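S.K.: So you can see what is in the structure, the chains are spelled out below.
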Amino acid sequence: MFDILSSIFPLALAYTAPLLIIALGGLFSERSGVVNIGLEGLMGIGAFSSAFFISSNYESLGDFAIILGIIIGALAGGVFSIIHAFASINMKADQVISGTAINMLSSAITIYLARSLTGSANIQIIKGFIKNDIAGLSKIPLIGPLFFSNAYATTYLVIIIVIISWYVLYKLPFGYHLRACGENPQAADSMGINVIKMRYIGVILSGILAGLGGAIVITTYYGEFSANVYSGLGFLALAALIFGKWKPFGVLGASLFFGFAKTVADMSQLFEALKKMPNIYFNTFPYVVTILALIIFSKNSVGPKAAGEPYDPGKR
Amino acid sequence: MSKKTISLLLSLVFIFSIALTGCGNKEESEAVKVGMATDSGTIDDKSFNEGTWKGIVRYSEENEGAIEVRYLQPEGEQHTNYINAINDLIDTGHKIIVTPGYKFETAVNEAAANNEDIYFILIDGTTHSEDSFDFVKHDNTVCVLFNEHEAGFLAGVTAALSTKTNKLGFIGGMEVPAVQKFGWGYQAGVHYANKTYGTNAEIIDYIYQGTFNDAAAGQTLAAGMYDKGADIIFHAAGGTGLGVFSEAKQRAEKGEEVYVIGVDIDQYETGKISTGESVTLTSAVKGIDLAAYNYIDAALNGTFPGGEIVTLGLKENAVGIPEENPNLSEDVINKLEEVKQEVIDGNLVIPSTQEELDEFLNN
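Heads up: the protein sequence lines correspond to chains A and B, in order.
Taking our numbering, the leading residue of the first sequence gets 1, the next gets one more, and so forth.
Taking our numbering, the leading residue of the second sequence gets 317, the next gets one more, and so forth.
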């Protein structure tokens, strides 16, 4: 049984990392009061940019290109999210429609760019991150093989970002201001907080994190940008955000939950002990749970109160 | 003159001018318009669409002025999306329509019945109605199938001869005939090599993942199989297979000796790692371009085999493994040539159904 666990754990963590970071992006945006269903599109922009950068610079920069690549993926996501920010903050557009537009625009523009820049809609990278044991830590009995073996560096990066996010959101004035804009922007404004600025920061952070998620997808398990990258990870992240009750550690738990459900479902066919488990339940699990969570939580709505509403200073 | 008369006159002039330009165009171009509707994914998917399109383009390049080519990406993957795409091509004057993939079966069935003057080339499927899988014959349609099991067989023999751990894996996409045939051939190939060449290989895991685009699941499955000691995995899983390649490449970068056998096209490039080597042992390829090329030619020259189901295999050089296989040893390549010759001569019949496979394995 332990070998099965030590086989599943590292893979589940690897799959959870991009899901978690994208969901965390959604958290920043929604906490500032802007609903962002464009996460899928922002992830795609990050995936495309990092794949394009790595594939064209690996020869000259070597492994350094991979690290630069994920930074560029994150930045590209951030830049692209400004469109969403402008439409939904300055123009007071419907945020759901603007987010949908981001998704549609992203999948079209990345394929178009890929084709015109490289001649093919598929951009392959020679090398991405490689799973490694963490020296020292992987020798710890029990925990070592589960958490510190066969792991991608990006997984730890994501965990660190979650902890920093929690600290920033709940321990620093900036976090209070950001959350205030998502709960009651009029009150925040009356206290001298620049709501427009805070919401811009929230949306751009969500773009950066979703873009980073896309870059992680490419550099860990996809290895190639193509139209297939848009397979709903951004929407699953939204589900994790809701299931995690818009809280950093809640989102962490929800993402882990989804990540494990999927990995166990995939792996179940490989092990005699798990073969009898019906993997259809594991596969549908995240979606069923999200719907149930929505039904249960929507009564005492735990989401940011002002999320989805354009800020109108005249309204009290 | 009243306003009405003027507008009537203007519209008449307009209609007349359109009619005239229409005539003019017809006289100018003699080229037959060939249209293609794409299967799921884009035109440069390195698989079905790209292969088909390559064949069409090659024909137009080699026979300048004979055909005018164009492709259309349907808006979705449902029957109606495909019908709409085909109708759009017909409405814009396309006389030969090429559709790759079994998903077009019902759409082509309907379109072929409604447009008897149009030639249809359906690759990798047979026309049937929406309620039954029985073949429906249309005199203006040729259905092209491939002997995937023959390519899978060569993959199996290659794997059995090349493995060091004697453990092999198989990851399929959806459990559809084209994928199943690759898998059955693969099992038969391993069995044949064990019997004929005294190898001792065993397929430890044989799994249909269920989709063609879940790279994460592909990686998970591959990681599990490699962990259990397999050193060669044959994937017939499209985009899901990318995850298999990611896993193999990461292991190869660390110095592990693991390989992937690619599918549909030569995937040597896909398997390349930073040292310049590739994790692609070989690929079970399907000459999709050949099918498009041959039947466009047939339609133009009056030899179109309408109403037939044509099967292309090793004999027609339409399936097999690539010409160049840098990862295979001389010995393996020679043995593969022997096996290939046996199949072409008809001495060796590769199982193409589950029952035939069971029988083959018992002998």
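These are calculated hints, taken from the structure and not from any lab test.
These numbers come from a predicted model, not from an experiment.
Keep in mind that a hint or two might mislead.
Using 25 Å as the maximum straight-line C-alpha spacing, the simulated SDA-like pairs for lysine to any residue come out as follows [to be verified]:
{"#": "1", "chain 1": "B", "residue 1": "K419", "chain 2": "B", "residue 2": "S356"}
{"#": "2", "chain 1": "A", "residue 1": "K131", "chain 2": "B", "residue 2": "D543"}
{"#": "3", "chain 1": "B", "residue 1": "K588", "chain 2": "A", "residue 2": "A153"}
{"#": "4", "chain 1": "B", "residue 1": "K370", "chain 2": "A", "residue 2": "K276"}
{"#": "5", "chain 1": "A", "residue 1": "K131", "chain 2": "B", "residue 2": "S356"}
{"#": "6", "chain 1": "A", "residue 1": "K276", "chain 2": "B", "residue 2": "E593"}
{"#": "7", "chain 1": "A", "residue 1": "K276", "chain 2": "B", "residue 2": "D674"}
{"#": "8", "chain 1": "B", "residue 1": "K480", "chain 2": "A", "residue 2": "D3"}
{"#": "9", "chain 1": "B", "residue 1": "K570", "chain 2": "A", "residue 2": "M104"}
{"#": "10", "chain 1": "B", "residue 1": "K588", "chain 2": "A", "residue 2": "I4"}
{"#": "11", "chain 1": "B", "residue 1": "K370", "chain 2": "A", "residue 2": "L61"}
{"#": "12", "chain 1": "B", "residue 1": "K588", "chain 2": "A", "residue 2": "I143"}
{"#": "13", "chain 1": "B", "residue 1": "K588", "chain 2": "A", "residue 2": "D3"}
{"#": "14", "chain 1": "A", "residue 1": "K276", "chain 2": "B", "residue 2": "V385"}
Quick list of simulated restraints, FRET-style, between CB atoms [what the hints assert, rightly or not]:
{"#": "15", "chain 1": "B", "residue 1": "R374", "chain 2": "A", "residue 2": "K197", "range": "55 to 65 Å"}
{"#": "16", "chain 1": "A", "residue 1": "S56", "chain 2": "B", "residue 2": "V665", "range": "24 to 34 Å"}
{"#": "17", "chain 1": "A", "residue 1": "F249", "chain 2": "B", "residue 2": "Q389", "range": "41 to 51 Å"}
{"#": "18", "chain 1": "B", "residue 1": "N663", "chain 2": "A", "residue 2": "Y156", "range": "54 to 64 Å"}
{"#": "19", "chain 1": "B", "residue 1": "R386", "chain 2": "A", "residue 2": "Y112", "range": "35 to 45 Å"}
{"#": "20", "chain 1": "A", "residue 1": "I296", "chain 2": "B", "residue 2": "R374", "range": "21 to 31 Å"}
{"#": "21", "chain 1": "A", "residue 1": "S6", "chain 2": "B", "residue 2": "E393", "range": "36 to 46 Å"}
{"#": "22", "chain 1": "A", "residue 1": "S56", "chain 2": "B", "residue 2": "D407", "range": "49 to 59 Å"}
{"#": "23", "chain 1": "B", "residue 1": "P642", "chain 2": "A", "residue 2": "S56", "range": "35 to 45 Å"}
Glycine residues also receive a C-beta, built at the ideal position from the N, C-alpha and C atoms.
S.K.: Each hint: holds or not?
M.R.: Cross-check of the supplied hints:
1. B/K419 with B/S356: holds (9 Å)
2. A/K131 with B/D543: holds (13 Å)
3. B/K588 with A/A153: holds (22 Å)
4. B/K370 with A/K276: Distance ~44 Å between B/K370 and A/K276 Cα, so the pair is violated.
5. A/K131 with B/S356: violated (32 Å)
6. A/K276 with B/E593: violated (39 Å)
7. A/K276 with B/D674: Status holds; Cα separation ~24 Å.
8. B/K480 with A/D3: holds (23 Å)
9. B/K570 with A/M104: violated (39 Å)
10. B/K588 with A/I4: violated (30 Å)
11. B/K370 with A/L61: Status violated; Cα separation ~34 Å.
12. B/K588 with A/I143: violated (34 Å)
13. B/K588 with A/D3: violated (30 Å)
14. A/K276 with B/V385: violated (51 Å)
15. B/R374 with A/K197: 55 to 65 Å: holds (57 Å)
16. A/S56 with B/V665: 24 to 34 Å: Violated, at about 49 Å.
17. A/F249 with B/Q389: 41 to 51 Å: holds (43 Å)
18. B/N663 with A/Y156: 54 to 64 Å: holds (58 Å)
19. B/R386 with A/Y112: 35 to 45 Å: 18 Å Cβ-Cβ, so the 35 to 45 Å window is violated.
20. A/I296 with B/R374: 21 to 31 Å: violated (59 Å)
21. A/S6 with B/E393: 36 to 46 Å: holds (39 Å)
22. A/S56 with B/D407: 49 to 59 Å: Once the Cβ atoms are compared, 41 Å apart, the range 49 to 59 Å for B/D407 and A/S56 is violated.
23. B/P642 with A/S56: 35 to 45 Å: The hinted range 35 to 45 Å is violated for B/P642 and A/S56, with Cβ atoms some 25 Å apart.
When held up to the earlier numbered hints, the structure conflicts with 4, 5, 6, 9, 10, 11, 12, 13, 14, 16, 19, 20, 22 and 23 and fits the remainder.
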